[in-house]
Structure formats: structure tokens, C-alpha cells
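So the sequences go chain by chain: A and B.
Quick note: the first sequence, position 102, residue 102 per the working numbering, numbers continuous.
Quick note: the second sequence, position 114, residue 114 per the working numbering, numbers continuous.
Keep in mind the hints are simulated off the structure, nothing from the lab.
Glycine included, each C-beta is placed from N, C-alpha and C at the ideal position.
Keep in mind that a hint or two might mislead.
Computed beta-carbon distance windows for the label pairs [unchecked claim]:
#	chain 1	residue 1	chain 2	residue 2	range
1	A	G96	B	R120	42 to 48 Å
2	A	L157	B	D70	34 to 40 Å
3	B	D189	A	N130	53 to 59 Å
4	B	P139	A	R107	52 to 58 Å
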Amino acid sequence: MKHPLWRVCVFIAALLPPPFWLYQAWTFALGPDPGKVLLERLGQGALLLLLLTLCLTPLQRATHWSGWALVRRQLGLWCFAYACLHLTAYLVFVLGLDFAQLGDELRKRPYILVGVLAWCALLPLALTSNRFSMRRLGRRWKHLHRLAYAALGLALLHMLWVVRSDIGQWLLYCAWALLLLALRLPGVGRRIGRRAGGTP
Amino acid sequence: MLIQIPPRSHCPPSEITPESVYLSRRRFLGAGAVALGAAALPAWASAETTRYAGVEPGRPPAWFTGKLPDTRWQAVEAPGEALTPYQDASHYNNFYEFGPDKGDPAANAGQLPTEPWTVRIDGEVGKPGQYGLEELVRPHALEERIYRLRCVEAWSMVIPWLGFPLGDLLRRAEPTGNAKYVAFETLVDPEHMPGQRSRFALLDWPYREGLRLDEAMHPLTLLAVGMYGRVLPNQNGAPLRLVVPWKYGFKSIKSIVRISLTERQPFTSWQNRAPGEYGFYANVNPSVDHPRWTQKRERRLPNSLFSPNLRDTVMFNGYAEEVAGLYAGMDLSKDY
Chain A
1 MKHPLWRVCV FIAALLPPPF WLYQAWTFAL GPDPGKVLLE RLGQGALLLL
51 LLTLCLTPLQ RATHWSGWAL VRRQLGLWCF AYACLHLTAY LVFVLGLDFA
101 QLGDELRKRP YILVGVLAWC ALLPLALTSN RFSMRRLGRR WKHLHRLAYA
151 ALGLALLHML WVVRSDIGQW LLYCAWALLL LALRLPGVGR RIGRRAGGTP
Chain B
1 MLIQIPPRSH CPPSEITPES VYLSRRRFLG AGAVALGAAA LPAWASAETT
51 RYAGVEPGRP PAWFTGKLPD TRWQAVEAPG EALTPYQDAS HYNNFYEFGP
101 DKGDPAANAG QLPTEPWTVR IDGEVGKPGQ YGLEELVRPH ALEERIYRLR
151 CVEAWSMVIP WLGFPLGDLL RRAEPTGNAK YVAFETLVDP EHMPGQRSRF
201 ALLDWPYREG LRLDEAMHPL TLLAVGMYGR VLPNQNGAPL RLVVPWKYGF
251 KSIKSIVRIS LTERQPFTSW QNRAPGEYGF YANVNPSVDH PRWTQKRERR
301 LPNSLFSPNL RDTVMFNGYA EEVAGLYAGM DLSKDY
């Protein structure tokens, strides 16, 4: 296994925030509505992890360091884990586990539907992240995993709908996402690789 | 929030002097003054902060402290409701002039100068003018009213306000026969209000709100100058704010500098921002959902991870008996 220390560090860095937030909630450091804070942090965490995951390929092209690609699956799975916790936090803290109300919410509130769709886009990626599926799906695996872009777009739309008074943070995430997509335009990514002195 | 754009004025929480520390200097000066017999004002002794646990006295102006002995405590109670602790009511706020996050107002509002403060009263009134806050409040005895506060974001608190009925003040201004509505404006002070300097804010400043005249004259409608037995903390809308307990919190405009009586329904900030989401009336109504979240239920704060404290929202926030008559014959699903 190459770069074991790097992989363990990424693992720990991604693992630590949720237990730390729980500890903060436990000690009343999250204020009077800790469930809501937890919900928002998990959602933003999932978005951040998705953006980081999508950074790895361009970084690999630019720097030719093999460590980037080695943590791609791991970060993608962390993104899905955060998304699952985010969904759970919504069901527990906002919906109060009132599943009869869930159908109503999905029907009436597009941002919740869009959030669920984003989660649904991540689900098959998580399920097929193992080596067996990669081998089994062959070329189709790559096509399937382009769903990550759909998840990113849906997650951003989901967040836009939640913004109430100040759109600065959302614009920051959005600019980041657009940059990542621009790097994937045909030709752009390869040029970066060439400039860094490697063979594309 | 994971990614933050700190406003230029942002100072880290570690640099903030605790209220008790900077007050100790004032107490010291105050004690000296008393010792000299110069001003025997028992200002801090009588700030009535002992009524509620964990309340810091703030910097009460003399006119406020002078009113406390004649205050009618618990003039309106909220039977069966547990008060929200002061710490929560003063550190979980929507006051977008000070930033978009719930903790921003408490972190950023400390430097707002609230003295001297003038309020302009104009429009359809017999006695328009600029009034100093002290002058404005002087004729009114303060009373304490424990009200439920229901935010449009589906959380709620129970807060003991100190103030006087808005109707009493409006009567003194002598509304003309043309007056049908009351419009309110919050201070514009980008120097002290970082939210007003943000280039990404979705609201237009000044923040504006309004009531129909009969709503404004309703005895439940309060102009507050204090809460929890003390002067209003800046983040809660010092030195003068509105409290309309049967409407969503955003109607209860903070740090008021202008009150205008008008013939036409006034511009209101959230209604202008998103008319499909926020109406002019904004009465608490569990049967009219906000498009982005349900209004059927609310989270009573503080809550915890193990008890989200969800409860059913009640029509007019539980004040239907008093205010339902104001809306007789109206379709509240249209006039939301």
C-alpha cells in the first residue's frame, strides 16, 4: 500500500468532525437548537467532501502525485456518509420521525425533494465503489460515476433554497463547483497536465 | 458554517471583553460617584436582574433604571409555559443587519451606539417630529409581558419583555383620519452593522415592517425597551423594538428609528424579498405553510439532541381569543 500515513490522516480528518459536533451539542456549545446546527454542518460537510473528491483528479493531473487518487474512493464514501447523517438528522430533528408528514414534505417542498434526489444520486456510487463492481461494470462504471456531477448540481440547488438573507457562502461553493466543471471541459484538463511537464 | 466570509470588522471571539468585565469599570466609577454623594442612583442595584437567572445587567440608561420601581411585573403571563433562558434568547437571533448566522448578532452588535437615540414620527399624525427615546418613553409606565415568540423558521421561545403598548404612543402622536397603516424602519448604520456592508445580502436596507392601524392599536402589541428585567441587549433590538406576539417574529422589527402612519399599505422587507413566502400579515397560522418548511409544528427552544421539543403550532400563536376578531371575514390563506 502506497502512502499509508497520508491515507490514515485523511481518514481521521474526515472521521473527527461529527463526533466533535456531537460532543459540542452535548456540552451546549451549539446553542439552543443543536439539532438544527448539526443538520446544517452535516449538509455543508457532505457538499464540501463532494467538492474535495472532485478536486482530486485535477490535482493529480497538475501535480502527478499518486496520493491524490488514492484517497478518492475514501473521500467519496465519506461524502455519502455525511449525506446519510444529514438525512438522518433531518428525519430526527426536523421531522421528528413523523413519516406520515414526509410524503407531504416531499410533495410540497421542492428543496427537500432535490436534497433526496442528490442523496439518491450518491447511493449507486457508494454501492459500486468496490473493486468487484468496477470490474463487473467495466466501461459503464465510469459513466455511472458521472452521477457525481448531478449530485453536486442538486446539492447546490438544495442549498440555494435554504439561504435566507445572505448568499455569499453559497456563491463561494458555486464558484468552486464551476471551476471544477470548467477543468473537466475537453482540452482544459489536459492542457494543465502538459504544462506541469507530464505526458497526458 | 464551514466556510465563512468574515466581514472586515470581524474580531475573534477571544478579543471580546465579557460584558461583566467592562461593566466592572463602570461599576467602579458608579461606586465612586455614590461615595462622593454626587449621584446616589442605585442603578445597578435595582436593575432587577435577579428576577431571572444568568442575566447580565447591561448598561441601563438612567431613564430605564428610573422606571423599574413602577414597573408592573408579570402584567401578562404565559400560563404553563417555561421561559427560555436569557442566554438562549440573547444568543440565538435573526438580526440580519449583524450577519446571517444565529450567533452573529450577539457577536457583532455590542458596539452599536444606542444612546442618544431618536425616533422620527411622521406621516398621517397631528404631532410629527423627531423625539429623543427618553422623551418618547417618559409618559409610559413599563410593564412586563411574557409572550411566546414564533419564528417563521419554525422555532419558538418564551420571553419576558419590558415595554408599553404601541397604541398608547400612537394615540399621543394623534393619528389623522387618513391613517390606515403604521410603517416602521430599522436603523441604517453600516459602520456598526456588518450585515449592511455585505455585498451578498438579499435584503434591502433599511429593514422595514408594517401593521394595519387596528393591529398596531391592539393592546397586545408592545413596544419593548427591555427583557428579562433588564434593558434590551443590542442583539435583541435595542433600544426600541416591536413585539407582536401573534405574528411571525420578522414582523417584530428591531432598533426602530422611524414610525410613520400611512394611508396605503406600507412596503415591508420580507414581503418585497419573496412575496410568495412572506405576506404582509404574517399571522402565525399552522394551516398556511411556508413554501420551504411546514408551519404545522415548531421546535420550542432550547431543545437537545435527545428531545427535539417539537410541538404543534397554534393559530395566532395561541392569541386567537384576543386577535381573531381583527381578521373577521378575511381569507387568511390569501392574506397570509
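Structure-based check of each hint:
{"no.": "1", "hint": "G96/A with R120/B: 42 to 48 Å", "in the structure": "holds, 45 Å"}
{"no.": "2", "hint": "L157/A with D70/B: 34 to 40 Å", "in the structure": "violated, 56 Å"}
{"no.": "3", "hint": "D189/B with N130/A: 53 to 59 Å", "in the structure": "holds, 58 Å"}
{"no.": "4", "hint": "P139/B with R107/A: 52 to 58 Å", "in the structure": "holds, 54 Å"}
In terms of the numbered hints stated before, the structure departs from hint 2 and from no other.
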